[in-house]
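Protein sequences appear in the order of chains A and B. Heads up: the first sequence begins at 1 in the UniProt record's numbering, then just goes up one per residue. Heads up: the second sequence begins at 1 in the UniProt record's numbering, then just goes up one per residue.
Careful, some of the hints might be misleading.
To be verified - One-sided and incomplete, this derived list gives chain A residues near chain B with beta-carbon spacing under 10 Å: (1) PRO67; (2) LEU70; (3) GLN131.
Claimed, not checked - Simulated coverage check for chain B against chain A, where a stretch passes if three residues somewhere in it have a Cβ under 8 Å from a Cβ of chain A: (4) 15 to 25; (5) 41 to 52.
What the hints assert, rightly or not - Quick list of in silico lysine to any residue cross-link-like pairs, SDA-like style, CA-CA up to 20 Å: (6) LYS93(A) to ALA247(A); (7) LYS63(A) to ARG14(B); (8) LYS63(A) to GLU20(B); (9) LYS63(A) to GLU19(B); (10) LYS63(A) to VAL23(B); (11) LYS63(A) to GLY38(B); (12) LYS63(A) to GLU15(B); (13) LYS63(A) to GLU86(A).
Think of the hints as simulated: they come from the structure by calculation, not from any bench. Computed from a predicted model, the values in this text were never measured in an experiment. Note that beta-carbon positions come from the ideal geometry of N, C-alpha and C, so glycine has one too.
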Amino acid sequence: MTDSRTEPPVFTGMGVAAPNGLGTEAWWRATLEGRSGIAPVTRFDASGYPATLAGEVPGFDPKRHIPSRLLPQTDHMTRLALTAAEEALTDAKADPEQLPEFAVGVVTAASAGGFEFGQRELQALRSQGGQYVSAYQSFAWFYAVNTGQISIRHGLRGPSGVLVTEQAGGLDVVAQARRQLRRGSRMMVTGGVDGAICPWGWTAQLSGGRLSTVADPARAYLPFSGAARGHVPGEGGAILVLEDAGAARERGARVYGRLSGYASTFDPEPGREGEPGLRRAAELALDEAGLAPREIDVVFADAAGLPEPDRQEAAAIGRVFGPHGVPVTAPKTMTGRLAAGGAALDLGAALLTLRHAVIPPTVNVARPADEYALDLVTAARPGPVRAALVLARGQGGFNAAVVVTQ
Amino acid sequence: MAEMTLHQLTRLLRECAGEEEGVDLEGDVLDTPFTDLGYDSLAVLQAAGLIEREFGISLPDETIAEATTPRLLLAFVNESPSAAA
Numbered sequence: 001m002t003d004s005r006t007e008p009p010v011f012t013g014m015g016v017a018a019p020n021g022l023g024t025e026a027w028w029r030a031t032l033e034g035r036s037g038i039a040p041v042t043r044f045d046a047s048g049y050p051a052t053l054a055g056e057v058p059g060f061d062p063k064r065h066i067p068s069r070l071l072p073q074t075d076h077m078t079r080l081a082l083t084a085a086e087e088a089l090t091d092a093k094a095d096p097e098q099l100p101e102f103a104v105g106v107v108t109a110a111s112a113g114g115f116e117f118g119q120r121e122l123q124a125l126r127s128q129g130g131q132y133v134s135a136y137q138s139f140a141w142f143y144a145v146n147t148g149q150i151s152i153r154h155g156l157r158g159p160s161g162v163l164v165t166e167q168a169g170g171l172d173v174v175a176q177a178r179r180q181l182r183r184g185s186r187m188m189v190t191g192g193v194d195g196a197i198c199p200w201g202w203t204a205q206l207s208g209g210r211l212s213t214v215a216d217p218a219r220a221y222l223p224f225s226g227a228a229r230g231h232v233p234g235e236g237g238a239i240l241v242l243e244d245a246g247a248a249r250e251r252g253a254r255v256y257g258r259l260s261g262y263a264s265t266f267d268p269e270p271g272r273e274g275e276p277g278l279r280r281a282a283e284l285a286l287d288e289a290g291l292a293p294r295e296i297d298v299v300f301a302d303a304a305g306l307p308e309p310d311r312q313e314a315a316a317i318g319r320v321f322g323p324h325g326v327p328v329t330a331p332k333t334m335t336g337r338l339a340a341g342g343a344a345l346d347l348g349a350a351l352l353t354l355r356h357a358v359i360p361p362t363v364n365v366a367r368p369a370d371e372y373a374l375d376l377v378t379a380a381r382p383g384p385v386r387a388a389l390v391l392a393r394g395q396g397g398f399n400a401a402v403v404v405t406q
Numbered sequence: 001m002a003e004m005t006l007h008q009l010t011r012l013l014r015e016c017a018g019e020e021e022g023v024d025l026e027g028d029v030l031d032t033p034f035t036d037l038g039y040d041s042l043a044v045l046q047a048a049g050l051i052e053r054e055f056g057i058s059l060p061d062e063t064i065a066e067a068t069t070p071r072l073l074l075a076f077v078n079e080s081p082s083a084a085a
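Model the full assembly from the supplied sequences, consistent with the hints where possible.
Next up, the structure:
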């Protein structure tokens, strides 16, 4: 008899808020069809800024999706997170009320919390005075807010937390969730939903120097191409339910896939020579999964969209898998980079790739630059997928890799 | 300024903190604790801030913490010096 604590945990629920589709079904259909959600910014007037494109979640009506009590106290990205979390728990057919009080926890990835909410309240403070600042500013701007709101709304009182490792966060949280399962939790709500499409968030991202200033939505974010000029930022992400394998079996849950391997590494500190940590993260995650590179059927790339990090990632993939050695895809070319939500959405895509046996495409990149020697998937590619590797790199030197298997 | 009424208070709560599903704010809620109406301390604090601005009064934080029902909060508001002026 196997101890379920040593068995890989399983994903049993998924909720999505993505720029090319709200809800898992709409998003996955758009993703397979190669429909992009990148377009001129509508959430504020970005015409005076160098970058004018974003991936905004379509069809989101706060009044319809969020209870009225939560509207005055939530930033836009928290509302998206709550919507995705509700979908994920419904999808998992999980009723936390049927489980012991502290059996379900929440761990989400974040970057800076509710930027848009924070901007509005700071403006009120400066222009009108402290009396005009919402009492909800006390937490609505805070980076742990999504974890807190999800936990409160669904009564999830198990071990909870938040991780901030930029784009790597969407994978790092899943490892933290696994840690809590090993310590005795039955189920964890995890993943990440993020977004800061407001003047304050825009200015912060522009100062990072990685945003594309190309105005054509089809030409702005072209990872691994010779014309890579940076990325388009987006909002959204995915919330996933990760569950102890034994607990999932016991209740007959439908399983998307297993969390078979994970690793995180750091790049060498700035100014110091040395190979970036991405290859090592990928190899360590494969080791933990007990898989050889040839057993991986697809890689979901971080796809920074700038020559230097693209080169580094292509080199890492090449060293592990050999030139053109594995199908590589970047469906985030349809959403933009979603900060703490990005890798969680990629993980969702990897899980659906296992389930539906089709690899979603990278759009707008007709072919990758020859020097990268990548087998870039540029049209949906059917075929059995038993194991997928998801890569993510966070600004500041974070690398994370996850292996999911059937 | 005229006294603040229950109706004004519930309108204000709705406006700045929303409305809990299954709660009838139009009913006899004068002595119903805010927590039973779905409003936590932060929601009351938020409403108090709006009252201070609309009525030109000042409600100390300790007062707000003690106002656990609409009746108590209305009493504090309507007894406050500048409101009666």
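Results for each hint:
| no. | hint | verdict |
| --- | --- | --- |
| 1 | PRO67 | holds (6 Å) |
| 2 | LEU70 | holds (7 Å) |
| 3 | GLN131 | holds (6 Å) |
| 4 | 15 to 25 | holds (count 6) |
| 5 | 41 to 52 | holds (count 6) |
| 6 | LYS93(A) to ALA247(A) | holds (13 Å) |
| 7 | LYS63(A) to ARG14(B) | holds (14 Å) |
| 8 | LYS63(A) to GLU20(B) | holds (13 Å) |
| 9 | LYS63(A) to GLU19(B) | holds (12 Å) |
| 10 | LYS63(A) to VAL23(B) | holds (18 Å) |
| 11 | LYS63(A) to GLY38(B) | holds (18 Å) |
| 12 | LYS63(A) to GLU15(B) | holds (13 Å) |
| 13 | LYS63(A) to GLU86(A) | holds (15 Å) |
Against the hints set out earlier in the document, no violation occurs for any number.
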